[in-house]
Amino acid sequence: MSLEEPEPDEGVIEAAEEVGVTTDGLDYDELAELVGDRLLDREEHVNAEGFVVRPDEVQDVLFDLRDEAGFDHLSCVTAQEYDDRYESIYHLKKYDDPTQELSVVVPSPTDDPRNESANPVYRTADWHEREAYDLVGIEYDDHPDLRRILLPETWQGHPLSQDFDGEEPQIVTLREHANPLQEDHRADDADTMFVNIGPHHPATHGVLHIETVLDGEQVADLEPDIGYLHRCEEQMCQQGTYRHQIMPYPDRWDYISAGILNEWAYARAAEDLADIEVPEYARVVRTMSAELCRIAAHMLAAGTFALDVIGDFTATFMYAVQQRERVQDILEDLTGQRLMFNYLRLGGVAWDVPEPREEFFEKTRDYLDDLPENVREFHNLLTSNEIMQLRTVDTGVLPPEEARSYGATGPVARGSGIDYDLRRDDPYGHYDQLDWDVVTEDGCDNYSRLLVRLREVEQSARIIEQCVDLLEDWPEEDRETQANVPRTLRPDPDTEVYRAVEAAKGELGIYIRSDGTDKPARFKIRSPCFSNLQTLPVMSEGEYIPDMIASLGSLDIVLGEVDR
Amino acid sequence: MSAVAPVAAPLQSAPLPGTIAELLGLDPDAPAVLFVLAFLAAGAVISVLMGMTAVLGIWGKRKITAAFTDRIAVNRHGPYGLLIIPADAVRLLSKELIVPAQVDRPAWDLAPLVIASSALLGFAVIPMGNGVQIADPETGLAFVFATASIASLGLVMAGYASNNKFSFLGGLRAVAQNLAYEIPLVLTGASVVIFTGTLQMSGVVEAQQAALVSLGPVDIPSWFAFVNPFAFVLFMVANLAEVGRNPFDIPEAPTEIVAGYQTEYSSVYFVLIYLGEFIHIFLGGAIVATLFLGGPSGPVLPGIVWFFAKMIAVYLFTQWARSAVPRLRIDQLIQIGWKGMLVLSFANLVLTAVIVGVIQA
Chain A
83 MSLEEPEPDE GVIEAAEEVG VTTDGLDYDE LAELVGDRLL DREEHVNAEG
133 FVVRPDEVQD VLFDLRDEAG FDHLSCVTAQ EYDDRYESIY HLKKYDDPTQ
183 ELSVVVPSPT DDPRNESANP VYRTADWHER EAYDLVGIEY DDHPDLRRIL
233 LPETWQGHPL SQDFDGEEPQ IVTLREHANP LQEDHRADDA DTMFVNIGPH
283 HPATHGVLHI ETVLDGEQVA DLEPDIGYLH RCEEQMCQQG TYRHQIMPYP
333 DRWDYISAGI LNEWAYARAA EDLADIEVPE YARVVRTMSA ELCRIAAHML
383 AAGTFALDVI GDFTATFMYA VQQRERVQDI LEDLTGQRLM FNYLRLGGVA
433 WDVPEPREEF FEKTRDYLDD LPENVREFHN LLTSNEIMQL RTVDTGVLPP
483 EEARSYGATG PVARGSGIDY DLRRDDPYGH YDQLDWDVVT EDGCDNYSRL
533 LVRLREVEQS ARIIEQCVDL LEDWPEEDRE TQANVPRTLR PDPDTEVYRA
583 VEAAKGELGI YIRSDGTDKP ARFKIRSPCF SNLQTLPVMS EGEYIPDMIA
633 SLGSLDIVLG EVDR
Chain B
4 MSAVAPVAAP LQSAPLPGTI AELLGLDPDA PAVLFVLAFL AAGAVISVLM
54 GMTAVLGIWG KRKITAAFTD RIAVNRHGPY GLLIIPADAV RLLSKELIVP
104 AQVDRPAWDL APLVIASSAL LGFAVIPMGN GVQIADPETG LAFVFATASI
154 ASLGLVMAGY ASNNKFSFLG GLRAVAQNLA YEIPLVLTGA SVVIFTGTLQ
204 MSGVVEAQQA ALVSLGPVDI PSWFAFVNPF AFVLFMVANL AEVGRNPFDI
254 PEAPTEIVAG YQTEYSSVYF VLIYLGEFIH IFLGGAIVAT LFLGGPSGPV
304 LPGIVWFFAK MIAVYLFTQW ARSAVPRLRI DQLIQIGWKG MLVLSFANLV
354 LTAVIVGVIQ A
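Protein chains in written order, with this note's numbering: chain A, 83 to 646; chain B, 4 to 364.
If you're looking for bench data, these hints aren't it; they were derived computationally from the structure. All residues carry an ideal CB built from backbone N, CA and C; glycine is no exception. Among the clues, some could well be false.
Claimed, not checked - Part of the chain A face toward chain B, derived, beta carbon under 8 Å: (1) His283; (2) Ala397; (3) Gln515.
What the hints assert, rightly or not - Simulated crosslink set (SDA-like; lysine to any residue; CA at most 25 Å straight-line): (4) Lys168/B <-> Val289/A; (5) Lys445/A <-> Leu421/A; (6) Lys342/B <-> Val254/A; (7) Lys445/A <-> Arg74/B; (8) Lys342/B <-> Gln404/A; (9) Lys342/B <-> Gln300/A; (10) Lys64/B <-> Gln471/A; (11) Lys342/B <-> Glu468/A; (12) Lys168/B <-> Val295/A; (13) Lys64/B <-> Gln404/A; (14) Lys342/B <-> Gln471/A; (15) Lys168/B <-> Pro619/A; (16) Lys168/B <-> Ala302/A; (17) Lys168/B <-> Glu249/A; (18) Lys168/B <-> Asp307/A; (19) Lys601/A <-> His291/A; (20) Lys66/B <-> Val403/A; (21) Lys98/B <-> Arg79/B; (22) Lys601/A <-> Glu249/A; (23) Lys66/B <-> Asn456/A; (24) Lys168/B <-> Asp273/A; (25) Lys168/B <-> Gly288/A; (26) Lys64/B <-> Val403/A; (27) Lys168/B <-> Leu296/A; (28) Lys66/B <-> Glu407/A; (29) Lys168/B <-> Ala179/B; (30) Lys64/B <-> Gly343/B.
Whole structure, please, built from the sequences with the hints as guidance.
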């Protein structure tokens, strides 16, 4: 698999099958015909067209778009309130070609904000719509379980709706709180046991609460309960100016070394919104630093996964942290920071690689030279270990159809054999000029996901090596790290954009709507971990507790990004 | 009292209380004297073991794990960080003892005592060389296995009485695991007894003193690890499961069930469980040393040094496994125990019996 994918003949066959696909992209008129008179209006977004449909025909339209037009990926659901209406936007994509995008815009009246749920069409809508209900206050008919997801059950009001008064204290009577010391209650003939795994538990990698029903050692039912780390990131971004005040926040979503990858998500969306062209030199620097972050993030993922399976802070974990440490040293040289990099700027990067340049490149090269040997050590310790294989092969199985329906992306999708990588399929930065491969594994199990991460580290190393070569030979007078960007950005009012990049855990998307001021009117984060975590019940129901823990580890979630 | 009278090299003399009595000029056959002196001897052995646990469990464990994982570990508390031992002891003992609501007392209070004392009890019959052996009954080996198994009872008590679901799961896992591994362990031990013809620990040691083969000037002794390496490997694996270290640390499994049966224990009770675990590992090492590695025998150095060296070597092996090997799943462990180890240990027992029978005939 190289950058030439997808194979041309394959593309032709699919183009013939799917409505609205022409040789040079999407034909929105043909799609509009498919939707027919259910289409109320057509909007122009920066990334795609928006089809406005009636709130009671959402399922119908989405079914047609999925089955006839091939939109099999519901990337994100954005909800927002205008002065005169509420709006849900379903951002649709295709796993085969994510550049083919379509937004389905569903307005609903202010006095009764409700529309049909997309849950029967895309399983991933379950959590996304719960979040929309929780934060904005839109009700979704036909949703199986419309409860709050990020905020406490007892929260009053919807914080991103316009009439929400943040000053008003949240008064919750004691009676309404769930009693943590409540007596165990069970049905008379039940032989299952309810266990709270988390929010404080050694294997939850943060504050995740998994309500688990056990049948002996096996998981009969489980439900992840998230929101313990909700820090109002979207709200905070809406209060910052585009130019400088938003960029530090992405570092704090997936805070496991993936900072620059996250920053790029915001940079890409905002640059498309304000029509900023990034100089080529800066694009190469971005590509290099982002892949360094990916190595660090994947190393920690492999380490913590090993920790979950092995069970102690053992050799594999420490070796992984050592590898990450070396990448962090390089990143520290480059950005001045070890965790919260804040290195990208709209239109470029903060500064050039540090002087003396040779020293920096040599350090990076040294690391890359040692990397194959170190990765081999991981294969010795982990993937070729017989007990490890006994534990991870064929456990936590996530079939590709389920993965698509739940909107899984990143190593989780690629471990299920879905050949989907935005770096190749929706190119940005300098990726399309470089020679590297997208890694997929067909096992669909915990082992495949581990293998994908370890192999992706090698691919990242290839990318960095080529970037270093390019940067080294770059003529001194052409080293342009920053485009000319106005001091204050005020994009045209009512411009909407949804852009995603391939972050460490998968597709990290940002939706921004501008209102003519220097701050976004709506800032929505599509977190890959949020969607990936939804697959946990599919992977672990019927499995043993240890396999459930291993599956959770193989999803590699970061609660900072799940809860935002 | 000693049935096997050593003539050439008196590795094993009379048990410790009798020796002390003779040294003090008291009558070694008077029950009252023996009773008191046995307490003294036991106290001495326990003190040594406690000291070992303090050094190896608090300081050594850190240093060993650090060596396996490329770290340094404690180095700021006195020379080589050794003062971490008193510091940790004070820290652990001065913590609040939290008794959760609705724990099942006194079972909850007794469990740590049972876990710690059962392991100590086993050392009563272990010959440590230079005459250090508190008692040498004819049923020595059976006694060791019996007392070591009492620990399982402690684990169930702890798991069941804690009123905590993680503890409960840990307790159940401990029972399932010990059932699956105790039988192969004892059966493999029994294959040694077929060689020695006696359960008495001093007899077992004595039977391993003859030279197996002579390579020039060096005699390879007939330690059972050399005579029957297959049984030795089986026993080492079963022993890992018995003491609950990777890949068999399933009853504790920190990433799955928090800390298993010890989740609710703090302060002194936690210390007792921790102590019990380490002494259990040492007891496992002592049994391996006695059954398979010739007990206290070895060249040049005194027997007791050899004995402790062998015991610590087995301890190092468990730490190595802990640092490097992934954990099995409980059902896989049960499968290996009942379908693999049990069959192999029976095969070993039958084969040994046949071979010994042929030789003797």
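Hints versus structure:
1. Because the closest C-beta pair between His283/A and chain B is about 6 Å apart, less than 8 Å, the hint holds.
2. With 8 Å as the threshold, the beta carbon of Ala397/A comes within range of chain B, its nearest partner Cβ sitting at about 5 Å, so the hint holds.
3. Taking 8 Å as the C-beta cut-off, the interface hint given for Gln515/A is violated, the closest approach to chain B being about 38 Å.
4. A hinted pair counts as satisfied when its Cα atoms are at most 25 Å apart, and Lys168/B with Val289/A qualifies at roughly 20 Å.
5. Taken as a hint, the Lys445/A and Leu421/A pair is honoured in the structure, with Cα atoms around 19 Å apart against an allowance of 25 Å.
6. Pair hint Lys342/B plus Val254/A does not hold up; C-alpha atoms about 57 Å apart against a cutoff of 25 Å.
7. Distance hint between Lys445/A and Arg74/B is fulfilled; the C-alpha atoms sit about 23 Å from each other, no more than 25 Å.
8. Between Lys342/B and Gln404/A the CA atoms are separated by roughly 40 Å; this puts the pair beyond 25 Å, and the hint is violated.
9. Between Lys342/B and Gln300/A, the direct Cα distance comes to roughly 21 Å. Compliance with the 25 Å bound is thereby established for this hinted pair.
10. A distance of roughly 28 Å separates the Cα atoms of Lys64/B and Gln471/A; the hinted pair therefore is violated under the 25 Å criterion.
11. Our distance criterion of 25 Å between C-alpha atoms is met by Lys342/B and Glu468/A, whose separation comes to about 18 Å.
12. A distance of roughly 12 Å separates the Cα atoms of Lys168/B and Val295/A; the hinted pair therefore holds under the 25 Å criterion.
13. Between Lys64/B and Gln404/A, the direct Cα distance comes to roughly 21 Å. Compliance with the 25 Å bound is thereby established for this hinted pair.
14. In summary, the hint linking Lys342/B to Gln471/A is supported, as the alpha carbons are separated by about 19 Å, within the 25 Å threshold.
15. Of the supplied pair hints, the one linking Lys168/B and Pro619/A holds, its CA atoms being roughly 21 Å apart against a limit of 25 Å.
16. The suggested pairing of Lys168/B with Ala302/A holds, with an alpha-carbon distance near 16 Å, which does not exceed 25 Å.
17. Distance restraint check for Lys168/B and Glu249/A: the Cα-Cα separation of roughly 41 Å exceeds the 25 Å cut-off, and the hinted pair is therefore not satisfied.
18. A threshold of 25 Å between alpha carbons decides the hint, and for Lys168/B with Asp307/A the separation of about 19 Å falls inside it, so the pair holds.
19. Between Lys601/A and His291/A the CA atoms are separated by roughly 34 Å; this puts the pair beyond 25 Å, and the hint is violated.
20. About 19 Å separates the Cα atoms of Lys66/B and Val403/A, which keeps this hinted pair within 25 Å; it holds.
21. For the hint pairing Lys98/B with Arg79/B, the CA-to-CA distance comes to about 23 Å; that is within 25 Å, so the pair holds.
22. For the proposed pair Lys601/A and Glu249/A, the alpha carbon gap of about 21 Å is at most 25 Å, so the pair holds.
23. Proposed proximity of Lys66/B and Asn456/A is supported: the alpha carbons are some 24 Å apart, at most 25 Å.
24. With a C-alpha separation of about 14 Å, the suggested pairing of Lys168/B with Asp273/A holds against the 25 Å cut-off.
25. With a CA separation close to 21 Å, the supplied pair Lys168/B and Gly288/A stays within the 25 Å bound.
26. A threshold of 25 Å between alpha carbons decides the hint, and for Lys64/B with Val403/A the separation of about 21 Å falls inside it, so the pair holds.
27. Under the criterion of a C-alpha separation no larger than 25 Å, the hint pairing Lys168/B with Leu296/A is consistent with the structure, at around 11 Å.
28. With a C-alpha separation of about 22 Å, the suggested pairing of Lys66/B with Glu407/A holds against the 25 Å cut-off.
29. Using a Cα cut-off of 25 Å, the hinted pair Lys168/B and Ala179/B holds, with the two alpha carbons roughly 17 Å apart.
30. Proximity of Lys64/B to Gly343/B is assessed by CA-CA distance (about 31 Å); at most 25 Å being required, the pair is judged violated.
In this structure, the hints that do not hold are numbers 3, 6, 8, 10, 17, 19 and 30, in rising order.
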